[in-house]
Amino acid sequence: MEENRQDMGSGGQDDRLLEQAGQGDEKAFAQLVERHADRVFSLALRVVGSDADAEDVAQEVFLTVWRHAADWRPGKARFSTWLYRVTLNLSLNHRERVVTRHAALDAVAEPEDPAPTQEKRLDERRRKERVMQAVAALPEGQSIAMTLIYEGGLSNAEAASTMGISVRALEALLVRARRKLRKMMAR
Amino acid sequence: MRLEEFEELLERRGADPAAWPWGRRRAARQLLGRSAAARKAHDQARTLDSWIGDAVRPVPASAGLKAQLCRIPQNHPRGNDRLTIGLMLKTRPWRGLCYAGLAAAVASLVAGVLVGTMQPPAESGHAQMMDIASLVYGLPPDQGRLQ
Chain R
40 MEENRQDMGS GGQDDRLLEQ AGQGDEKAFA QLVERHADRV FSLALRVVGS
90 DADAEDVAQE VFLTVWRHAA DWRPGKARFS TWLYRVTLNL SLNHRERVVT
140 RHAALDAVAE PEDPAPTQEK RLDERRRKER VMQAVAALPE GQSIAMTLIY
190 EGGLSNAEAA STMGISVRAL EALLVRARRK LRKMMAR
Chain W
27 MRLEEFEELL ERRGADPAAW PWGRRRAARQ LLGRSAAARK AHDQARTLDS
77 WIGDAVRPVP ASAGLKAQLC RIPQNHPRGN DRLTIGLMLK TRPWRGLCYA
127 GLAAAVASLV AGVLVGTMQP PAESGHAQMM DIASLVYGLP PDQGRLQ
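Protein chains in written order, with the working numbering: chain R, 40 to 226; chain W, 27 to 173.
Only chain R is shown next, with the shape it has when bound in the complex (with noise of 0.2 Å):
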């Protein structure tokens, strides 16, 4: 079976919160939300696109975390897991009801110093912001299959249920997109 690359203690930490938090524990679903609400935020803002529609997706998820947090079966599936699945979801929802669709983010070069003796470091820069601004512009089921995994830290099998696709398909998503992201790397 996969390893799973998340602490392996935070699912029972986690579920604890829940349980808690399911009984009126408004401390509980403070620190649910202090460990969540960065990732949370940043795969909603990963598909939407904007900072205040991210905002309003975040406040949906956890909304619905509230609200159900008392019928939260442990053992079942990992928390955040889950929670991914709803911040995907949510994400889509928001995006299809909104019309105007803001610019994706970009990487930034900054100006260096092109002396002579640093042209080799200049190169691993300019490559890496290359490879940088590719994953920004990669296609919208490889950037979230690449964020569920880097930045989030699930394992092949737990973000192929986020998305809701089998572990063969993600798989071929991160192919495609470490290929494409290598390509860059060696130019």
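Take these hints with a grain of salt, some might be off.
Below, in silico cross-link-like pairs of lysine-lysine (DSBU-like), each with a Cα-Cα straight-line distance of 30 Å or less [as the list claims (entries may be wrong)]:
1) R/Lys-159 - W/Lys-66
2) W/Lys-66 - R/Lys-115
3) W/Lys-66 - R/Lys-66
4) W/Lys-92 - R/Lys-115
I should point out that these hints are in silico values taken from the structure, not numbers from a laboratory.
Got chain R; can you put chain W on it based on the hints?
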């Protein structure tokens, strides 16, 4: 393991050996030990992983957003009915049961009205309902819209 298989492994799973399938790790490590080409491919994959990690680094939620999220319980109280009924069941069981029964009857009536008048969920809301169902009943994940 051949070099081509190792390169495919790197593309599917990345450079972190912890993400490689158990059954292939030993063969992959053996290849790394004897093949300079495999080591070069692994180094490149590690560099790429590092750069991708920098590119997808989480954008932190603002302190203002987190504060707003923490106010959700106050803005959307939901525990009052359960708390009241729970206390009544402990102190005055029969009265608590009566109130619990009355609350259930009212909830059923409201649900019946809603079901009768509610439109079928739009496709965009279906995924959310399936998420909630999976939360409660442990159903398998819904088929997503990303392929």
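Results of checking the hints against the structure:
1. R/Lys-159 - W/Lys-66: holds (18 Å)
2. W/Lys-66 - R/Lys-115: violated (41 Å)
3. W/Lys-66 - R/Lys-66: Answer violated: W/Lys-66 to R/Lys-66 is near 50 Å, above 30 Å.
4. W/Lys-92 - R/Lys-115: Within the cut-off at roughly 28 Å; holds.
In summary, the numbered hints that this structure violates are 2 and 3.
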